[in-house]
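K.L.:
One letter stands for each residue in the lines below.
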Amino acid sequence: MRELASEPVSAAVSSATTEVVDPVPGAEAPHLPRQDLVQLLTPEGERVEHPEYAVDLDGEELRGLYRDLALVRRWDVEATALQRQGELGIWASLLGQEAAQVGAGRALQPGDMAFPTYREHGVAWTRGVDPLHVISLFRGVDNGGWDPVATGFNLYTVVIGAQCLHATGYAMGLQRDGGESAALAFLGDGATSQGEVNEALIWAASFSAPVVFFCQNNQYAISVPLERQSRVPLYQRAAGFGFPGIRVDGNDVLAVLAVTRAALAAAREGQGPTFIEAFTYRMGAHTTSDDPTRYRLASELEEWKLRDPIARLKAHLSRTGIADQAFFAAVEAEADELAGRIRSGTTEMPDPPGTAMFDAVHAEQTPHLAAQQAEFEVYQASFEGGSE
Amino acid sequence: MTAQTLTIGKALNLGLRKAMEDDAKVVLMGEDIGRLGGVFRITDGLQKDFGEDRVVDTPLAEAGILGTAVGLAMRGYRPVCEIQFDGFVFPAYNQIVTQVAKIHARSRGKLAMPIVVRIPFGGGIGAVEHHSESPEAYFAHTPGLKVVAISNPVDAYWGIQQAIASPDPIVFLEPKRRYWDKAEVDLDAPPDPLWASRVIRGGDDVTVLAYGPMVKTALQAADAAAEEDRSVEVVDLRTLSPLDLDPVVESVRRTGRCVVVHEAPVTLGLGAEIAARVTESCFHSLEAPVLRVGGYDTPYPPSKLEEEYLPDLDRVLDAVDRAMEF
Ligand SMILES: Cc1ncc(C[n+]2csc(CCOP(=O)(O)OP(=O)(O)O)c2C)c(N)n1
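Protein chains in written order, with this note's numbering: chain E, 797 to 1184; chain Z, 3 to 328.
None of these hints come from the bench; they were simulated from the model.
The structure displayed is predicted, hence computed values, not measured ones.
Glycine included, C-beta positions come from ideal geometry on N, C-alpha and C.
It is possible that some hints are incorrect.
Estimated spans, in silico, between C-beta atoms of each pair [as the list claims (entries may be wrong)]: (1) Z/Arg110 with E/Glu1173: 52 to 58 Å; (2) Z/Glu282 with E/Arg972: 41 to 47 Å; (3) E/Thr1151 with Z/Ala278: 28 to 34 Å; (4) E/Glu856 with Z/Glu309: 47 to 53 Å.
Partial selection, computed: residues in chain Z whose CB lies under 10 Å from chain E [unchecked claim]: (5) Asp51; (6) Gly53; (7) Asp55; (8) Val130; (9) Trp197; (10) Val201; (11) Ser283; (12) His286; (13) Glu289; (14) Pro291; (15) Thr300; (16) Pro301; (17) Pro303; (18) Glu308; (19) Arg317; (20) Phe328.
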């Protein structure tokens, strides 16, 4: 084993190699001592305390989180079905990552700005983005139909890692303006290998920018397991950049909420960035184009099913009497209604006019492009009435 | 003769396999190319047969893939780098343009860079943004690089081997929407040189030039034109840098008309360079200006609009008509 420079990191790593408490089965994470994982709700739905992180939510708030999780999952399942039926070009499922996304999203305040990848439908939900505005991207109608400024939710970024620099720059802007807000950058475990992500971490540290990096470690970058991207637990990377890193159980919505809230609060107070590793699992394929049976074992999936983020909150709410059958039935009914709205909204979504591609290329349209558009319109018109 | 009917994808797979068997220094590198066999399965089965040292699932970092390829090349390896989709080559652009392209010249020939950068390119597959682009002009504009754009299984099988054997760095563009197109491939026949363009259909009225995915479109347009008694000659350019325009010049001197087709935006695309050169060489034979058919000068649109954005049979025919009527 190679020597590690900084004290706390090497201590953590060596203890990890000796006292493995509960490596999450199937995730091949022998470096995962439980004390490194912030958890407030066990997979069985048992409420546990953590010395540093606490949440104090009333019944309504807890039921609200459950509702978020259930509706987001239903949206996702419906979108996957729509893709299979040819209504969407592709869909990137968030199955299994609902708690990480809802927890992080609900930690945001209205003035904050989220910078998603392409999978953060759960965060979109918490920002009030209409699911159909996300669906339209995957249907090929536009590149995301929502207003990033009005929603505090940036457009999806498909080029891995690019958004981490944007979030950092945005945070530097907030800092200059003396604002009380922060930026929240989402990234995957694979993204941590990108040069641009590492540059973002450096900039954030050097300028003490009010940005939080929220990394959903779902164990895979398409087929490539975490081991190929990092030889240390991802949250420990932060130490090398000079700011705190923390690992949270990404399937525990309460822990994610607590940890992200604390990190955002620290950022707003001028304490600089935090790197959060939300330890989770991508239950579905990478996208609907992917075949995960080619690179991972079914047994892994079975292990992770036991850690389902929604089942554990449901168990907790039922056991404590915070929610009853009537509540769960009402959420179910609401989910059915949402799914119906998504389905009809998708199948009835009009195709954009061809001229849409010219519309916003520049803030100031150029004569050249205007002329090209005019030619395009004449050319298209020459077919009208012909084939239909 | 050993012949086999192959798709472009399978021909690439077999060509890569052959290159790896022939030269132990050939190393494949890329995201998801090993265990998964690549998102298009072009490297399917190669890691299983050649091992993880020769078919490397890299970390998710394109600058890393190309930058380390430079170092490996300095050690005598022949890295074949897969970029997952056209739109994701840009993190590696710096390495390709400032390093890979220049090292042979900077070292006055002491360091060779036999690197192949494989890129599935072009649109027409209904994908989300960054998965349908045609970045060839950026590379063709860079001195020190060679750029190949194949259109068929024969060139896939032989071209990838020729590219790997070449001592120079090559950006090797694969027409992703045609990966499943089939043709018979002669596995014994000595291939055309990689650098030669090829007249693939004879004609007298107009010369249509294409490469990569647009070759099929150009052939379809030639068929349709024939029904209207227009005789279209089609040239598959095959290599975009260096351009082999001798057969093109010969053709245009005969037809007097030339249309260049590509998916990339027309402005400063390959068509612009070709139009200039053809005009210089064929000025007195031309009956019409060299016309270009390409993508509009907009970002590649959402997939619902790609059919309107991409040149198709009708747009090629339209240009053929305009050339004829000029
Ligand atoms: C620069 C770049 N390279 C490659 C890709 C293709 N690609 C899309 S998603 C993906 C894996 C991403 O893994 P990770 O960051 O762990 O996020 P996840 O998809 O698991 O949420 C890859 C390689 C891309 N989108 N951008």
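K.L.:
Now look at each hint and say whether the structure bears it out.
P.N.:
These are the hints, each one checked on the structure:
no. : hint                                : in the structure
1   : Z/Arg110 with E/Glu1173: 52 to 58 Å : holds (54 Å)
2   : Z/Glu282 with E/Arg972: 41 to 47 Å  : violated (54 Å)
3   : E/Thr1151 with Z/Ala278: 28 to 34 Å : holds (31 Å)
4   : E/Glu856 with Z/Glu309: 47 to 53 Å  : holds (50 Å)
5   : Asp51                               : violated (16 Å)
6   : Gly53                               : violated (16 Å)
7   : Asp55                               : violated (14 Å)
8   : Val130                              : holds (6 Å)
9   : Trp197                              : violated (33 Å)
10  : Val201                              : violated (29 Å)
11  : Ser283                              : violated (28 Å)
12  : His286                              : violated (29 Å)
13  : Glu289                              : violated (22 Å)
14  : Pro291                              : violated (16 Å)
15  : Thr300                              : holds (5 Å)
16  : Pro301                              : holds (7 Å)
17  : Pro303                              : holds (4 Å)
18  : Glu308                              : holds (8 Å)
19  : Arg317                              : holds (8 Å)
20  : Phe328                              : violated (16 Å)
Figure legend: structure checked against the earlier numbered hints; hints not met, in rising order: 2, 5, 6, 7, 9, 10, 11, 12, 13, 14, 20.
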